[in-house]
Amino acid sequence: MGKRTIIPFGPQHPVLPEPIHLDLVVEDEKVVDVVPSIGFVHRGLEKLVEKKEFTDFVYVAERICGICSFIHGQTYCQGIEEIMGLAVPPRAKYLRTIWGELSRIHSHLLWAGLMADAFGFEALFMHCWRVREQVLDVIEATTGGRVIFGSCKVGGVRRDVTPEQLDWMLKKLAEVEKEMRLLVDVFLNDDSVKHRLCGVGVLSRADAQLLGAAGPTLRGSGVADDMRLLKYAAFGDLDFQPIAKPDGDSYSRCAVRCEELFQSVDLIRQAVAKIPAGEIAVKVVGAPNGEFFSRTEQPRGELVNYIKADGSKNLVRFRARMPTFANLPALIKMLAGCELADVPVLVLTIDPCISCMER
Amino acid sequence: MIETQTMIPVAPETLVAAVQKMRDEGHRLVQIGVTRLGEELELNYSFDRERRFVNLRFRLPMAGARVPSISGVYWAAFAYENEIHDLFGIQVDGNVLDFQGTFYQTAVKHPFIQGAAPAPAPVPPAQP
Numbered sequence: 008m009g010k011r012t013i014i015p016f017g018p019q020h021p022v023l024p025e026p027i028h029l030d031l032v033v034e035d036e037k038v039v040d041v042v043p044s045i046g047f048v049h050r051g052l053e054k055l056v057e058k059k060e061f062t063d064f065v066y067v068a069e070r071i072c073g074i075c076s077f078i079h080g081q082t083y084c085q086g087i088e089e090i091m092g093l094a095v096p097p098r099a100k101y102l103r104t105i106w107g108e109l110s111r112i113h114s115h116l117l118w119a120g121l122m123a124d125a126f127g128f129e130a131l132f133m134h135c136w137r138v139r140e141q142v143l144d145v146i147e148a149t150t151g152g153r154v155i156f157g158s159c160k161v162g163g164v165r166r167d168v169t170p171e172q173l174d175w176m177l178k179k180l181a182e183v184e185k186e187m188r189l190l191v192d193v194f195l196n197d198d199s200v201k202h203r204l205c206g207v208g209v210l211s212r213a214d215a216q217l218l219g220a221a222g223p224t225l226r227g228s229g230v231a232d233d234m235r236l237l238k239y240a241a242f243g244d245l246d247f248q249p250i251a252k253p254d255g256d257s258y259s260r261c262a263v264r265c266e267e268l269f270q271s272v273d274l275i276r277q278a279v280a281k282i283p284a285g286e287i288a289v290k291v292v293g294a295p296n297g298e299f300f301s302r303t304e305q306p307r308g309e310l311v312n313y314i315k316a317d318g319s320k321n322l323v324r325f326r327a328r329m330p331t332f333a334n335l336p337a338l339i340k341m342l343a344g345c346e347l348a349d350v351p352v353l354v355l356t357i358d359p360c361i362s363c364m365e366r
Numbered sequence: 012m013i014e015t016q017t018m019i020p021v022a023p024e025t026l027v028a029a030v031q032k033m034r035d036e037g038h039r040l041v042q043i044g045v046t047r048l049g050e051e052l053e054l055n056y057s058f059d060r061e062r063r064f065v066n067l068r069f070r071l072p073m074a075g076a077r078v079p080s081i082s083g084v085y086w087a088a089f090a091y092e093n094e095i096h097d098l099f100g101i102q103v104d105g106n107v108l109d110f111q112g113t114f115y116q117t118a119v120k121h122p123f124i125q126g127a128a129p130a131p132a133p134v135p136p137a138q139p
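Read top to bottom, the protein sequences are chains A and B. In this note's numbering, each residue's number is its place in the first sequence (first place is 1) plus 7. In this note's numbering, each residue's number is its place in the second sequence (first place is 1) plus 11.
Because the hints were derived from the structure by calculation, they are not lab data. Worth double-checking, as some hints may not be accurate.
For each label pair, taking beta carbons as the anchor points, the in silico distance ranges come out as [stated by the list, open to error]:
{"id": "1", "chain 1": "B", "residue 1": "119", "chain 2": "A", "residue 2": "13", "range": "28 to 34 Å"}
{"id": "2", "chain 1": "B", "residue 1": "34", "chain 2": "A", "residue 2": "195", "range": "49 to 55 Å"}
{"id": "3", "chain 1": "B", "residue 1": "70", "chain 2": "A", "residue 2": "36", "range": "45 to 51 Å"}
{"id": "4", "chain 1": "A", "residue 1": "66", "chain 2": "B", "residue 2": "68", "range": "26 to 32 Å"}
{"id": "5", "chain 1": "B", "residue 1": "119", "chain 2": "A", "residue 2": "154", "range": "28 to 34 Å"}
{"id": "6", "chain 1": "B", "residue 1": "16", "chain 2": "A", "residue 2": "248", "range": "39 to 45 Å"}
{"id": "7", "chain 1": "B", "residue 1": "63", "chain 2": "A", "residue 2": "283", "range": "27 to 33 Å"}
{"id": "8", "chain 1": "A", "residue 1": "189", "chain 2": "B", "residue 2": "21", "range": "49 to 55 Å"}
Examples of chain B residues lying across from chain A (beta carbon under 7 Å, computed) [unchecked claim]:
{"id": "9", "residue": "16"}
{"id": "10", "residue": "39"}
{"id": "11", "residue": "46"}
{"id": "12", "residue": "69"}
{"id": "13", "residue": "87"}
{"id": "14", "residue": "116"}
{"id": "15", "residue": "117"}
Built from N, CA and C at the ideal position, the CB exists for glycine as well.
Bound conformation, chain A alone:
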């Protein structure tokens, strides 16, 4: 047995845009144990429900994260709507689905760029983010925002999209899809990339389930679980089956995200083809009284918003359980036994969003 040494990883590290710290216990070059530390930038946003009215809190919910901001707002609104028994117009549900899937595409492309950066493929990193910009252009043209959309509200959505905009969106997505195929070909077929990912950081199906993993981390271990199967928003009207890969290694998690890029494009095409005409919001009267665990599928996995209300304008409790928090134990499991050089790549295979976790 070699001498054990503790190597600090983070909170500032080139592959980490946000702070998380890992104490890596290593023997020679092998990681034998990991102790995580979080909470460096915990913001306590959940406590703001005591001061913000429930209709205004959607702005706070959206600002939990800058990558999946729309789905945060949507999850919150869905929770309130369930408690109040609001019938959201079908058109609003379709628009939420379209914007949610656009969020997933730009989030996965952002992750792909960071991943390429982590294994030292700078040109690939730049191309991923160049393509992502085009998705942000579509989001900006239809919502007015590139990061914080501000388009979801309790009872529906704030703005409609014209048929011309939807046509233009599909044309842009067709161009983006072509470019994504070139990128994904590198991620899935390039020898140097496969060398860094295949067989690295294996998380078995049983471990993924027992450790409460979520999203592509769970599906990369062969579990075809996805909250979109709950059929929230317009998913009940769309042809959708989760993408899962059985091997549980870094390559599987990467492959799930790569295939989900095209699945999201397909879901948007389906939604655009089926979107009904009509109102985009219902009037909200009164205040919520009750509780609900609102669940959606963020790009990183299952997002849970617990909302408890007592009939007043301020909620009793808002609690957000983030997929990155759920994937933390799985990350520890993956890291134990890996080579020190694989740590940055493995950390990125869960697509950590510390901003979400430090809500």
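Given the structure of chain A, go ahead and fit chain B onto it with the hints provided.
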């Protein structure tokens, strides 16, 4: 209605056994959450199996709140248990990975059980 959610009341003494049953039935641990209700805390232990949501629930007095750890059943619970300790001051007995209050770096200890902070007194203008 997006989904039906089952709420099951349990007593703190029977929590670990109830959680073990959940594991034996193949449930995934979704989250552990706490809600402050006046001088009481309501704890929710949420599980999922094939997108069927089940929640175990009980209440405790806020002063001296103490619960047994379920990390012996679901190892991943250690993160949630450190969280409820650091944010709500709940003592968790037997957590397999106890950070002793250092999991979250918060400016205020146990922020979610603090009352509203009094507004700071206005500073009188300096006399010329």
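Here is what the structure says about each hint:
Checked against the hint of 28 to 34 Å, the pair residue 119 of chain B and residue 13 of chain A passes, with Cβ atoms roughly 30 Å apart. At about 35 Å, the beta-carbon gap between residue 34 of chain B and residue 195 of chain A misses the expected band of 49 to 55 Å. Separated by about 50 Å at the C-beta atoms, residue 70 of chain B and residue 36 of chain A satisfy the suggested range of 45 to 51 Å. For the pair residue 66 of chain A and residue 68 of chain B, the supplied restraint of 26 to 32 Å holds, since their beta-carbon distance comes to about 30 Å.
Taking 28 to 34 Å as the suggested C-beta distance range, the pair residue 119 of chain B and residue 154 of chain A conforms, at roughly 29 Å. Distance hint for residue 16 of chain B and residue 248 of chain A: a CB-CB separation of about 24 Å, inconsistent with the stated range 39 to 45 Å. With their beta carbons about 30 Å apart, residue 63 of chain B and residue 283 of chain A fall inside the hinted range of 27 to 33 Å. For residue 189 of chain A and residue 21 of chain B, the hinted distance range of 49 to 55 Å is satisfied, since their beta carbons lie about 54 Å from each other.
Taken as an interface hint, residue 16 of chain B checks out: its beta carbon lies about 6 Å from the nearest beta carbon of chain A, inside 7 Å. A least Cβ separation of about 6 Å between residue 39 of chain B and chain A falls short of the 7 Å threshold, and the interface hint therefore holds. Checking residue 46 of chain B against chain A: minimum C-beta separation of about 4 Å stays under 7 Å; hint holds. This hint is violated: residue 69 of chain B has a C-beta 15 Å from the nearest C-beta of chain A, more than the 7 Å allowed.
For residue 87 of chain B, the interface hint holds, since its Cβ comes within 7 Å of a Cβ in chain A; the closest pair sits about 4 Å apart. A distance limit of 7 Å between C-beta atoms decides the matter here; for residue 116 of chain B the minimum to chain A is near 5 Å, and the interface restraint holds. This hint holds: residue 117 of chain B has a C-beta 6 Å from the nearest C-beta of chain A, less than the 7 Å allowed.
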